[in-house]
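Enquirer: Protein chains in written order, with the numbering used here: chain A, 1 to 322; chain B, 1 to 322; chain C, 1 to 322; chain D, 1 to 322.
Just so you know, the hints here were simulated from the structure itself, not pulled from any lab data.
The reader is advised that the hints may include incorrect statements.
[Claimed, not checked] Each pair of labels, with its calculated beta carbon distance range:
| # | chain 1 | residue 1 | chain 2 | residue 2 | range |
| --- | --- | --- | --- | --- | --- |
| 1 | B | P132 | A | K100 | 57 to 65 angstroms |
| 2 | C | F309 | B | K297 | 51 to 59 angstroms |
| 3 | A | P132 | B | Q173 | 27 to 35 angstroms |
| 4 | B | P118 | A | R112 | 47 to 55 angstroms |
| 5 | B | P132 | A | Q42 | 56 to 64 angstroms |
| 6 | A | E24 | B | G298 | 17 to 25 angstroms |
| 7 | B | Q307 | D | Q173 | 38 to 46 angstroms |
| 8 | A | Q42 | B | Q173 | 36 to 44 angstroms |
| 9 | A | P132 | D | Q173 | 51 to 59 angstroms |
| 10 | B | Q173 | D | V214 | 55 to 63 angstroms |
| 11 | D | H310 | B | G298 | 14 to 22 angstroms |
| 12 | C | E124 | B | Q307 | 50 to 58 angstroms |
C-beta: ideal position from N, C-alpha, C; glycine also.
4 protein chains.
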Amino acid sequence: MQGEEPVMDIAHLGHVELLTPKPEESLRFFRNVMGLTVSGTQGDSVFLRGWDDYETYSLQLTASKTSGMGHAAFRTRSAPALERRVAALRAEGCEVTEVKDSFGHGPAFRFRDPDGHPFEIYYETQWYEAPPERRPSLKNQPERYPARGVNVRRIDHFNCLAVDVRACREFFQRTLGFRCTERIELDSGEEAGMWLTATNKSYDFAFTKEAHGVPGRFHHLTFALDSREAVLQAADTFLEAGVFIETGPHKHAVQQTFFLYVYEPGGNRIEVAHAGARLILAPDWRTITWTEAERRKGQAWGLQTIQSFHTHGTPPLPGETS
Amino acid sequence: MQGEEPVMDIAHLGHVELLTPKPEESLRFFRNVMGLTVSGTQGDSVFLRGWDDYETYSLQLTASKTSGMGHAAFRTRSAPALERRVAALRAEGCEVTEVKDSFGHGPAFRFRDPDGHPFEIYYETQWYEAPPERRPSLKNQPERYPARGVNVRRIDHFNCLAVDVRACREFFQRTLGFRCTERIELDSGEEAGMWLTATNKSYDFAFTKEAHGVPGRFHHLTFALDSREAVLQAADTFLEAGVFIETGPHKHAVQQTFFLYVYEPGGNRIEVAHAGARLILAPDWRTITWTEAERRKGQAWGLQTIQSFHTHGTPPLPGETS
Amino acid sequence: MQGEEPVMDIAHLGHVELLTPKPEESLRFFRNVMGLTVSGTQGDSVFLRGWDDYETYSLQLTASKTSGMGHAAFRTRSAPALERRVAALRAEGCEVTEVKDSFGHGPAFRFRDPDGHPFEIYYETQWYEAPPERRPSLKNQPERYPARGVNVRRIDHFNCLAVDVRACREFFQRTLGFRCTERIELDSGEEAGMWLTATNKSYDFAFTKEAHGVPGRFHHLTFALDSREAVLQAADTFLEAGVFIETGPHKHAVQQTFFLYVYEPGGNRIEVAHAGARLILAPDWRTITWTEAERRKGQAWGLQTIQSFHTHGTPPLPGETS
Amino acid sequence: MQGEEPVMDIAHLGHVELLTPKPEESLRFFRNVMGLTVSGTQGDSVFLRGWDDYETYSLQLTASKTSGMGHAAFRTRSAPALERRVAALRAEGCEVTEVKDSFGHGPAFRFRDPDGHPFEIYYETQWYEAPPERRPSLKNQPERYPARGVNVRRIDHFNCLAVDVRACREFFQRTLGFRCTERIELDSGEEAGMWLTATNKSYDFAFTKEAHGVPGRFHHLTFALDSREAVLQAADTFLEAGVFIETGPHKHAVQQTFFLYVYEPGGNRIEVAHAGARLILAPDWRTITWTEAERRKGQAWGLQTIQSFHTHGTPPLPGETS
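Work out the full structure, taking the sequences as your base and the hints as a guide.
Expert: Set out below in structure tokens:
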């Protein structure tokens with residue numbers, strides 16, 4: 001086994017596109033409450049970024065009839081790495097189309113996972129150049145710390161719902177070389193959750209079980225904060241801003257992330273989180289598999305997982321109001 | 001340039017061997033004050049680990065006539081990656097010798113950097129298996145949180161002194177594929193410091209200028225804590241334990257690490273640190289170069305760099321008492 | 001109204017006596033997990049203290065057939081203040097008996113509140129003198145920071161259950177001069193909770209409604225930690241030590257305390273908490289009254305109050321197992 | 001001694017008036033960077049408040065030719081307490097004049113301490129009523145958490161310079177009943193610093209030695225933050241806003257406060273600080289006296305006290321530029 005060479009072609013999660021039926025209120029939330037900065041607009045989209053995102057943006061907010069994820073995009077480690085991953089996707093039988101004129105990055109290749117979520121991979125990108133009034137004091141930082149709202153640092157990860165979690169996991173492992181750090185397997189043998197990474201973060205995205213059989217839905221998007229204290233401060237900021245707090249702050253048992261979940265005005269679930277100094281450094285990390293009995297214990301310190309965590313996704317189900 | 005493929009063969013820093021002329025007092029410091037656990041002994045060495053180190057140990061503490069670094073070891077990403085790096089070192093003209101019976105890991109290959117510090121690379125390793133009384137409550141963690149002393153989480157990085165910092169940087173970049181995230185260049189053009197990484201941590205080790213022309217000396221070894229608050233608590237723990245605090249807690253301008261430096265009883269400088277959520281995710285990160293004028297401003301919030309930071313290293317200089 | 005002079009005779013909560021049917025396990029919990037220090041033993045009692053308690057002890061742990069509160073004791077501001085409060089209690093018709101040979105403090109006067117809980121007031125006290133190995137580095141601190149377990153700083157408050165909360169509140173206001181900072185009034189007009197203070201802390205003790213009509217029961221005892229991060233670290237320490245975590249960490253709506261509740265081996269509920277920089281500085285603070293509808297919203301960030309919080313008390317109800 | 005009755009007539013520090021030669025820049029600093037809210041203006045003064053100050057304001061910012069402290073004001077515990085303190089001041093031979101139409105509070109009585117600083121005491125006050133857009137989510141809080149800049153919670157204390165520190169201490173102890181928790185006595189017997197309190201905070205104000213023989217100067221004004229992490233975040237906010245950071249964050253040995261000092265645009269030194277859960281609960285606290293040798297050790301974790309801390313005061317010395 002030691003002879004096996006890991007695929008290292010994906011560098012990191014670049015950005016996520018969120019759809020919102022309430023674009024102005026969503027924008028106000030992400031800018032004023034979350035503390036993101038607007039770096040551009042194009043068509044129905046506004047592009048936003050955390051103060052430590054090195055690319056031009058990490059969030060594309062798109063006015064839409066409904067909520068959900070427009071797409072998620074990964075940056076590859078090099079141009080040849082991009083070519084190799086496109087080839088691997090096509091070898092898998094995936095339809096891959098080139099997207100030429102994206103805001104803030106070069107040519108991208110778009111495809112769908114087995115559950116129908118749209119993804120893109122790209123290599124060329126535009127580094128953020130802060131305008132004078134946003135220039136930081138320390139030159140090893142892309143943008144000034146805003147001291148506004150929740151002050152999220154950078155995009156961290158996202159979570160999709162899928163009817164067949166296992167199929168999705170195997171798809172991303174096979175085609176893009178992601179590694180699975182943790183997963184949940186029900187007593188029935190069905191896979192109820194999986195966490196994949198291409199970095200030393202313990203996950204760059206997750207998929208959990210769609211309870212209603214509707215494909216292509218979205219669970220949440222997460223931004224990183226610098227401390228657990230900042231997550232607690234964020235809870236007060238959300239409370240004062242009238243933002244719906246779904247659950248947290250608390251510590252997940254799976255991945256041990258210190259979490260706080262809210263709903264943005266468009267209905268999408270947003271998380272702010274801190275991972276402490278936890279990193280996955282082992283190149284041959286052994287996937288942790290959680291059983292149904294273990295998950296029944298709730299989160300790390302005993303909080304029962306909130307029911308809506310298993311049901312609320314975006315877009316809403318047919319018949320649901322957002 | 002986009003065609004260039006990064007070398008991804010080094011996975012992470014595995015462990016550092018520290019030499020101490022006061023082995024019993026040093027052991028007491030690392031176990032009782034730092035909160036490390038002993039996982040074995042062999043010859044003149046005791047092997048210790050933080051509660052989140054996945055390998056058997058991250059610190060080898062070796063009784064010796066004097067202080068300093070015995071060696072530092074990196075784990076490769078695969079067995080072929082190990083072979084490639086050994087070949088690259090030999091191609092460089094380096095003398096590389098195989099070390100067969102190391103504690104806690106498989107065959108290692110030993111060499112010296114241009115300044116004479118001993119290094120090893122290895123792939124096969126022994127994962128830590130906690131004895132029943134050290135078994136954690138959450139299965140995605142190698143060992144129980146100790147709630148003792150400073151509670152360091154895992155090894156983070158080390159820092160060597162070198163007469164020719166630039167030569168060392170180029171050596172590690174060329175032979176092992178490390179990337180340089182930040183560096184200091186004096187007005188004279190001389191390189192006074194460099195920070196290298198093989199991971200998403202912003203550095204896995206650093207070299208800074210040896211002011212006395214004596215090769216092979218050591219600056220410090222760092223363990224990661226989970227929060228800046230934990231670093232502040234550590235300051236009190238060190239104070240109460242009578243440990244000499246050299247400088248900090250404060251935030252470095254370079255790399256923005258929140259730091260605290262002390263001397264262990266053997267004379268070696270030890271750091272506890274927290275990086276917040278800072279990660280280097282860009283695969284093509286552009287090296288930050290600090291000038292002499294910029295470094296004159298001191299640390300991030302204006303603290304002047306303490307004088308001993310430029311002079312104290314281990315082993316002591318001829319004529320110095322430790 | 002401005003002519004009214006507040007009674008300032010009670011200085012602060014001195015200590016609480018807890019009864020435990022498992023004295024050895026309880027002692028191990030308070031010493032090893034909570035990080036308290038033993039300062040003496042007498043009869044069936046062990047006396048313990050946090051590192052910043054200035055008196056000899058703040059917790060008296062007494063072996064007993066069952067659990068619950070042995071008594072709670074307040075220190076007065078002066079000797080005449082003690083006399084005045086004894087007189088006021090007697091004027092109320094209270095039976096007050098002098099207790100002469102208490103451990104660590106001078107003559108005390110014992111009485112019962114309307115629900116039957118035993119209380120004491122005293123003035124003369126023995127300041128803690130740390131033995132050499134527990135002497136702190138800073139002379140404005142009574143004892144060394146232990147760096148062990150949860151590291152609680154000092155006693156903070158306690159909470160009793162009462163069949164008639166209002167009667168108890170009025171009793172303590174009238175006889176001892178406590179001020180009521182917050183209270184809960186049900187739609188029926190019944191008082192379900194009240195928080196009293198003699199200091200600038202927003203409460204020194206609380207009474208909440210006994211749901212089973214059994215008088216004299218105890219809800220919890222709380223120790224203060226220095227930060228919310230320390231409360232989060234405590235959660236991990238409790239988890240690893242196998243201590244039952246009932247609820248938290250989260251922020252109370254009432255009083256805004258950041259809380260974490262566990263059960264000690266003897267069955268008593270113990271809290272560790274942090275209040276941030278919140279103080280009641282107004283000498284004429286206007287009592288905050290919470291309605292049933294407001295309390296239905298749960299805690300500050302939306303956590304529903306756990307059911308056992310309304311039912312679990314010590315000693316257990318007849319027929320309950322502890 | 002136990003028969004002695006402490007005077008409890010002063011309730012707390014109400015507000016401080018700062019003079020600034022740059023009123024617009026100072027206002028921008030206190031509002032945008034410190035996160036205070038404006039609650040009124042009158043003449044040359046703007047009145048500001050932290051989100052947890054219960055009175056209308058805690059900072060009066062007054063346009064002036066130079067910097068320094070306009071006055072500091074304490075609220076008494078009752079109307080009779082106010083009368084008693086006025087009588088005590090007059091008995092001391094102090095000139096006390098009534099001030100009738102102050103913004104936000106009732107009749108005040110103005111006097112000077114032996115070093116010439118103006119002070120006021122008052123009882124009647126106007127509680128802050130938040131306008132709808134500043135109303136908090138939790139009713140036990142006067143104003144919404146702003147999530148802007150440094151987010152200071154409330155006024156904490158101030159520090160004056162005095163030519164004769166001992167005379168000032170004895171004056172405040174005798175006339176107003178403040179208690180001295182800590183002091184510095186030089187080898188010469190001269191008093192170099194003293195910390196006084198009327199509350200359970202370990203100090204409500206301090207006086208330190210004026211090195212230049214100029215009476216009536218001001219050292220700093222302090223606002224409380226909720227955590228040490230918030231003080232660290234403040235350091236970044238100050239850095240990004242171009243505010244001069246004089247020293248910190250670090251922990252004082254005296255009083256153990258976690259501190260950070262900056263200069264506001266008008267030249268006055270401003271501190272943000274957190275005290276953890278430290279309170280002075282003993283009614284008969286024994287004054288801690290620090291010697292010259294002890295102070296030479298610097299701050300708690302060894303930071304040397306910055307030289308400007310002994311020299312910079314406001315207004316500037318004759319000939320100094322601010």
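Enquirer: A separate judgement is required for each hint: does it hold in the structure or not?
Expert: Going down the list of hints, with the structure as the test:
| no. | hint | verdict |
| --- | --- | --- |
| 1 | P132/B / K100/A: 57 to 65 angstroms | holds, 59 angstroms |
| 2 | F309/C / K297/B: 51 to 59 angstroms | holds, 53 angstroms |
| 3 | P132/A / Q173/B: 27 to 35 angstroms | holds, 34 angstroms |
| 4 | P118/B / R112/A: 47 to 55 angstroms | holds, 52 angstroms |
| 5 | P132/B / Q42/A: 56 to 64 angstroms | holds, 59 angstroms |
| 6 | E24/A / G298/B: 17 to 25 angstroms | violated, 44 angstroms |
| 7 | Q307/B / Q173/D: 38 to 46 angstroms | holds, 43 angstroms |
| 8 | Q42/A / Q173/B: 36 to 44 angstroms | holds, 38 angstroms |
| 9 | P132/A / Q173/D: 51 to 59 angstroms | holds, 53 angstroms |
| 10 | Q173/B / V214/D: 55 to 63 angstroms | holds, 59 angstroms |
| 11 | H310/D / G298/B: 14 to 22 angstroms | holds, 20 angstroms |
| 12 | E124/C / Q307/B: 50 to 58 angstroms | holds, 52 angstroms |
Checked against the numbered hints given earlier, this structure breaks only hint 6.
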